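Given these sequences and hints, build the entire structure.
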Amino acid sequence: MVATLLVIFVLGPHLPPGKGSAQAAGQVTDNTVLTAIMTPIICLIVVYFAYVLIVFRRRGDDTEEGVAIRGNPRVQTLWIAGTSALVIFLAGYGTWALLQSGSGGGQGPAPIAVPRGPKLPVQVIAQQWQFTYRYPTFGGLETSQLVLPADRMIEFHVTSLDAVHSFWAYGLGVKADANLGTDNVVYVKTRAPRSVDIHCAELCGLWHGYMFDKGQIVSSPAFVAWIGQQQKVFRSIAKYMPPYRTSYAPMPQRRAG
Amino acid sequence: MSEAAQSHLPIEAEPPELQERNLWAGARLLVSSTIFLFLPFVFAYVYLASLNTSGLWRPAHIRAPTGWGVAILAAVVVSAALVAWARIELGEGKIGRARLLGVLALVAGIAGVVLQAIEYTQLGFGPEDGGFASVFVGWTGLFAVTLLGTMIWLEIVVATAYRSGASKSDFDGIGFYLTFVAGLGALTFAFLYLL
Amino acid sequence: MNAVAVHTSRSPVRRLLGFNLLSAVVLGAVGYYVGWWLGHQIHATSLDYFGDTSQNDVALFLAYFVGTIGFLGGLGLLNYPLSRMAGRPASADHHEEDHRGWTRYIGFSTDHKVVGLQYLIGIGFFVFFGGINAMLIRFELLRPSPNVFPAGQYLTLVGLHGTMMMGMMTSGILGPFGSYFVPLMIGARRLAFPRIEALTFWLLMVAGVFLTSTVFYGGFPTGWTGYAPLDDQANMGMDSYIVFFALVGISMTLLAFNMLATVITMRAPGLSWGRLPIFVWSVVATAVLNVLAAPVLVTTLLLVLLDRTAQTGFFLSTQGGSQYLYENLFWVFGHPEVYILALPGFGIVLELLPVFARKPLWGYRLAVAGLLGVTLLSFTVWQHHLFVSGLNASLRPFYMLSTELISIPTGFIFVCAMGTLWRGKIRYDVPMLFCLAWVFNFFIGGLSGVFLSDVPSDVTTHGSFFSMAHFHYTIMGGLVFTFFAAIYYWLPKMTGIQLNDVLGKIHFWVMFIAFNSTFFPLFAVGFLGQPRRVVTYPAHLQFLNDWVSVSAFVLGASMLVFVANLVWSLVFARIPAEANPWEAKSLEWQVPTPVPSYNFERIPVIDSDPYPYGEPAPQMPTPALTPAVTPTGR
Ligand code: HEA
Ligand code: HEA
Ligand code: CUA
Ligand SMILES: [Cu+2]
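Chains as they are written, first to last, in the working numbering: chain A, 1 to 257; chain B, 1 to 195; chain C, 1 to 634.
For the record, the hints were derived by calculation from the structure and aren't laboratory data. Please note that the accuracy of each hint is not assured.
What the hints assert, rightly or not - Mimicking EDC-like on lysine to aspartate or glutamate, the simulated pairs with C-alpha atoms at most 20 Å apart in a straight line are:
#1 K19(A) x D151(A)
#2 K425(C) x E615(C)
#3 K425(C) x D151(A)
#4 K19(A) x E64(A)
#5 K425(C) x D61(A)
#6 K94(B) x E155(B)
#7 K425(C) x E64(A)
#8 K214(A) x E155(A)
#9 K119(A) x E142(A)
#10 K232(A) x E142(A)
#11 K168(B) x E119(B)
#12 K425(C) x D62(A)
#13 K505(C) x E64(A)
#14 K168(B) x E20(B)
Stated by the list, open to error - Short derived list, chain C residues pointing at chain A, Cβ under 8 Å:
#15 A310
#16 K359
#17 Y399
#18 L401
#19 L405
#20 F443
#21 R533
#22 E615
These figures come from a predicted structure and were not determined experimentally. Glycine residues also receive a C-beta, built at the ideal position from the N, C-alpha and C atoms.
Here it is, written out as structure tokens:
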């Protein structure tokens, strides 16, 4: 009991990935719930083993044998019922949490959990070995830096130009694989301005380990200013950009030569 | 068995039906493994057809040559049927007939493999021509290899029947497996030539 | 078969000729070059595509293929099939008096006890190699930026470690202990297909050499999962991975096939399914998984091979294929694979606890139900590895549920272990310590699996060191600890020599503490955001990583204690072991040490389960006293 409370109130807030977004906060709650449920099970089993291993140890060179009990239907039934109940609860809770808004995980081209209200679409294009970002509502602007407005529902579209990558925005609680020819959709509601660590979380070849980046969540006015400035910078090349699509036909895939 | 006798140990000989039961169980286990060996092709077929990525599942000009498909399937089915017949003859004690049928079955089965090899030169498309072409080449290829392996087994049974006496359980084992392979051939045919 | 038996009277030089390891290696090398040459002929005429690169996958595949045939031929494994093809009669060829002395351990042998020891040594060797790779990985991760290995070499190292460990440890229990003890435990004289047994072992060894050879072809960048389309971009080192895993798949299938046939047809009279030792049950369950899942792996790798050589496009979305097809197929095999690693461990724990608690196994039926439940469910959960892949979002609740359902049958194993200890007279011998460590480690590993199975939680932990810590807790903490339990428990029977107890205890405690100190912090490292398979990581994680690395080195050192124990006990001290040092009542301990080549003089008749501890009833009838009965297996 005590341990469980400790877990909920002391450890809970420190569980990852922090509360950088509504989805991340949801994951923290989820991790707290899981840990809290497991704590009593762990305590129970640890206490049981400690007791048994001490009390029923062999003393000296005793050759006596244990008691020939081969089972106990009551205990067995109880155990099955208890673990089943737990599993059903965990799966139920997990499903409920998942259906809120997809929990920050990539849902593919046909998301099942779509939050209501307006969303800002942002495309994440992964390639060996960097991420770039396109803002379709701002003329298909493509930048090498991720900047997002605070307190907005973002709709990420993650795709790849080559191998499988995974867009992992740690502080936002977002992870979605980037696949060639596939649009992987994630919803995330940003909160206060902060910076966000971004990693590639799927092995994508030689420089996979170097495929990391830092994104920024900024206030809405700052975002508008930033976008305007970027559009100016990239104006000259805008006409060479391929039109925005949810996925892009790749360069030749085969090993060179 | 003979070794045991030589070593002068007072241990009893192994009952001869043990090897038969092993063969019986082995043939059935082998069938379950083979089913899972081909499962990926069924999955790939259905999955890639439903995705049709880049519109390249099956470009219009790609048609599996049904004539060849029928010929290969016929060879396999005939082979299995001949072995089934041989088992019946063997049951009636007609060892000579059974052996001959075994040889014919072997010829038919090998003809299947050869036909498959020739078909590859007559396809009109190559393995690189999209999802269906890939599945076609992979599936028929693995099937041909399986068939070839089965024919080696059949060859062993037939050769043993000629030189060391025909055994019912040997024929039963290969018969069971070959019938399964024929069924697999029919499945292959249905997916690749009919659908 | 006679070629091997007549060696004794020959001169040393003559002895080198014939079917033995030396010829095998020579023929293997010849085959390799023949294949290589052949590949270049094909290359020259038809695959102009590869033009001026040195990358010729066709040649390498052919080299591996012909090399394997040559090796097996040199060992003498082809003699029997060829003689059968020439029409010679079948022979069971077991308990043949083998006059080769110790050299039979380095050649083709059909004695399941020889093969069992061969497996133990062979797998031990490659697992040790995998362990050295792990040490190098940890050495590299001492610093947040590359310090000894550049990125490409690091990836090869991780791939080599993961692939080697997975490939070898899948047969880690079934190979050595399954081969050796299943016939003894079911009262049989041999395995159903002794030659196939030998084949599986040698295939595995060939595979191990091939995988290692990847370093000569530039390594491979994909880790043990070999995801497409990266595996199609990769250079020739990838082919080593493909051939390795395909050979492992074939070897696993045949090994399990043999185990199943043996248990189905060769049980001693009276040994009904309800009396089968629980270890044998776990072998059966594992074998079922092997026989069904491993062929999927073989085919999947065949498709990769075709993509790389014949230019098919199974896994290339630019060619009408899909990388998701690969991910699905790999995990259809891959998930059962992880239970192939876990189940034999369950069996060993439940087999040993009764011996050291001096009590019958508690809840035998429940334990069997647990094993079979895991077997069944493990085919239904594979997409939990793809929770963020963008595949089938609508199926996630299903996969979440099915994955968590596996906790229930796994829980059965735990409750049976708990019940078995209750009111026992627990003896803390070394094997027992390893079994108890399993309970602790696997519990943590299993619970962390429940975090992963929960989609919202998995969003953070997928592809991070959390998942890596999870599977090292289940595999290293679960399987490898029981592997050592089995070694300490059964090696005295296998070699007739006692292992040093003090060194054993030192090994255990150092390993147990260092293991936890290595992998527990990695849960935190993953939670804090370190991705897997990276040669660089955020600087603030350096302290944790260094802690882990140092612990890992201690863990590695504990392995040296073990090796020292082996060398000391088996080579120098050589204290003969008692025939039944643990006073176990199961059948394998009732035969003399060393086990005679025919195992049982008379096939025993079984009249109780193998755990009659604490019961007034007389002990198991000793085999020699029972009347001669032919095994009917019913
Ligand atoms: C021996 C090997 C082994 C075993 C036994 C397991 C067991 C389990 N694994 Fe694990 N797993 C791996 C090896 C293993 N795993 C590997 C190698 C990978 C990574 C592959 C890669 O990506 O490279 C992996 C990855 C992996 C993932 C994917 C992570 C990701 O990449 O995002 C998931 C997700 O669901 C998962 C879940 C589970 C679960 C739920 C179990 C369950 O079976 C655990 C059940 C056990 C318990 C729960 C404890 C005992 C139970 C009780 C005491 C009963 C009471 C408890 C409850 C009711 C909760 N595993
Ligand atoms: C059987 C499975 C197994 C085992 C036992 C281990 C054991 C260890 N592993 Fe490994 N590991 C994997 C399977 C395994 N691992 C897999 C599948 C991956 C993923 C690869 C990928 O990403 O694709 C991985 C990845 C992996 C990484 C992540 C790399 C990365 O993502 O960047 C790390 C890093 O620390 C690591 C470390 C270790 C360490 C320190 C051990 C230590 O426990 C090692 C200790 C030493 C030994 C276990 C050797 C002892 C053996 C003997 C002494 C045998 C003697 C026996 C006889 C002679 C009879 N492993
Ligand atoms: Cu991109 Cu890893
Ligand atoms: Cu899994």
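So, against the hints stated earlier in the document, which numbers end up violated here? Hint check: 3, 4, 11, 13, 15 and 17 fail, others pass.
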